[in-house]
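Student: Sequence:
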Amino acid sequence: MKQAPIPYGRQSISEADIQAVVDVLRSDWLTQGPSIERFEQAVAQYCGAKYAVAVNSATSALHIACLAAELGEGDTLWTTPNTFVASANCGLYCGAGVDFVDIDPRTYNLSAAELEKKLVQAKAAGKLPKVVIPVHFSGQPCEMEKIAALSREYGFAVIEDASHAIGGKYKGEAIGGCRFSDMTVFSFHPVKIITTAEGGMVLTNRKDLYERLIRLRSHGITRDPAFMEWESDGPWYYQQIELGFNYRITDLQAALGLSQMTRLDEFVAARHRLAARYDELLAQFPVVTPYQHADSYSGLHLYVIRLKLDQISKSHREVFESLRGQGILVNLHYIPVHSQPYYRRLGFQPGDFPESERYYAEAISLPMFSSLSEEQQDRVVAALKEALS
Numbered sequence: 001m002k003q004a005p006i007p008y009g010r011q012s013i014s015e016a017d018i019q020a021v022v023d024v025l026r027s028d029w030l031t032q033g034p035s036i037e038r039f040e041q042a043v044a045q046y047c048g049a050k051y052a053v054a055v056n057s058a059t060s061a062l063h064i065a066c067l068a069a070e071l072g073e074g075d076t077l078w079t080t081p082n083t084f085v086a087s088a089n090c091g092l093y094c095g096a097g098v099d100f101v102d103i104d105p106r107t108y109n110l111s112a113a114e115l116e117k118k119l120v121q122a123k124a125a126g127k128l129p130k131v132v133i134p135v136h137f138s139g140q141p142c143e144m145e146k147i148a149a150l151s152r153e154y155g156f157a158v159i160e161d162a163s164h165a166i167g168g169k170y171k172g173e174a175i176g177g178c179r180f181s182d183m184t185v186f187s188f189h190p191v192k193i194i195t196t197a198e199g200g201m202v203l204t205n206r207k208d209l210y211e212r213l214i215r216l217r218s219h220g221i222t223r224d225p226a227f228m229e230w231e232s233d234g235p236w237y238y239q240q241i242e243l244g245f246n247y248r249i250t251d252l253q254a255a256l257g258l259s260q261m262t263r264l265d266e267f268v269a270a271r272h273r274l275a276a277r278y279d280e281l282l283a284q285f286p287v288v289t290p291y292q293h294a295d296s297y298s299g300l301h302l303y304v305i306r307l308k309l310d311q312i313s314k315s316h317r318e319v320f321e322s323l324r325g326q327g328i329l330v331n332l333h334y335i336p337v338h339s340q341p342y343y344r345r346l347g348f349q350p351g352d353f354p355e356s357e358r359y360y361a362e363a364i365s366l367p368m369f370s371s372l373s374e375e376q377q378d379r380v381v382a383a384l385k386e387a388l389s
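Numbering (my numbering), first residue to last: 1 to 389.
It is possible that part of the hints are untrue.
[To be verified] Pairs of lysine-lysine, DSS-like flavour, derived with a Cα cap of 30 Å:
no., residue 1, residue 2
1, Lys-146, Lys-169
2, Lys-118, Lys-146
3, Lys-2, Lys-50
4, Lys-146, Lys-123
5, Lys-2, Lys-314
6, Lys-117, Lys-146
7, Lys-50, Lys-169
8, Lys-117, Lys-50
9, Lys-385, Lys-314
10, Lys-207, Lys-146
11, Lys-169, Lys-207
12, Lys-2, Lys-385
13, Lys-117, Lys-127
14, Lys-169, Lys-117
Calculated directly from the structure, the hints in this document are not laboratory data.
Treat the numbers as computed from the prediction; the structure is a model and nothing was measured.
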């Protein structure tokens, strides 16, 4: 009997999760209801942040975070090439320019050392960034203390793209507490650590940013008389005071997220057990297993290996296709953003960010999700052995 394929990521939905959604379906609220605020409070409390704003995707969260940071025409956003395109596109949505900082060869995160070098050059040229978005790739946080120090020295805002990283820690504190940033963004896509089916969130400790984020997710509308330009006509009244968007999450989604939060630590612990077992099983394989920085406790959204191509007789593509052919649905995170056709038309070229390009030529994301069994993991390892032979 043919075995079912093993995906690279998968959500874990419990009976309690299902019941939470059913309870909302039977309530008076489907779209904007009390589960949203409860979900926001649960995540903010877990992370140690003052405020949280739930939205319909992490892409939307990045967009309104950039707008709240007053990114606009004539400004520039910097991020890493090793990310999904949303981390860069959010700057373009605001009318700003985008540039990249190459990655650290061990963590695959935006390199703090490369950032500092680029900032020195940008200051001399009078072209400093308005916003920097470090991406916590695979769930491992960037060197946020160093990045925060650079933000104070060079005057840019920091938005952490922690789409992979809820449940992780940096220097013993939960990612999302915004100690070293202005805002942090999470993703709740199904393959992420917890899910709302689709959704995202922005966290911050600044009340002014929170108030603007709330307006931006809902058409730029306020019902608070303190922000209105003239006196309210009555209890039904609202004013649109800026251009916002319909980026609202639903009560159904928030109920699922709130239920998932009760198992967040369990999910991350399971991922760590699986990663440790992968490390052991792959120790003699011609691959580089993930490096974990001493300051970090990764959310481990991904488990990425790099092929030692000089030690095997197959190409990167051949290994990838062999794994897929054996029912191991590996993936590749990520194609460097600057190499995409759209960004090539903006002037970026091959060779601009060589460390990201070297990484891309060797990387494969193996299956990693909390319910992955040891038997499934053994299948992955056996398939990789066959692919490399």
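Student: Now tell me, hint by hint, if it's right for this structure.
Tutor: Now the hints, each set against the structure:
1. Lys-146 to Lys-169: The given pair, whose Cα atoms are some 16 Å apart, holds under the 30 Å limit.
2. Lys-118 to Lys-146: Since the Cα atoms of Lys-118 and Lys-146 sit roughly 14 Å apart, the hinted pair holds (cutoff 30 Å).
3. Lys-2 to Lys-50: violated, 51 Å
4. Lys-146 to Lys-123: holds, 18 Å
5. Lys-2 to Lys-314: holds, 26 Å
6. Lys-117 to Lys-146: At roughly 13 Å apart (the allowed maximum being 30 Å), Lys-146 and Lys-117 satisfy the hint.
7. Lys-50 to Lys-169: holds, 17 Å
8. Lys-117 to Lys-50: The given pair, whose Cα atoms are some 33 Å apart, is violated under the 30 Å limit.
9. Lys-385 to Lys-314: holds, 12 Å
10. Lys-207 to Lys-146: It holds: about 25 Å lies between the C-alpha atoms, which stays within 30 Å.
11. Lys-169 to Lys-207: Within the cut-off at roughly 24 Å; holds.
12. Lys-2 to Lys-385: holds, 20 Å
13. Lys-117 to Lys-127: holds, 13 Å
14. Lys-169 to Lys-117: holds, 27 Å
Hint compliance for this structure: hints 3, 8 are not met, and every other hint is.
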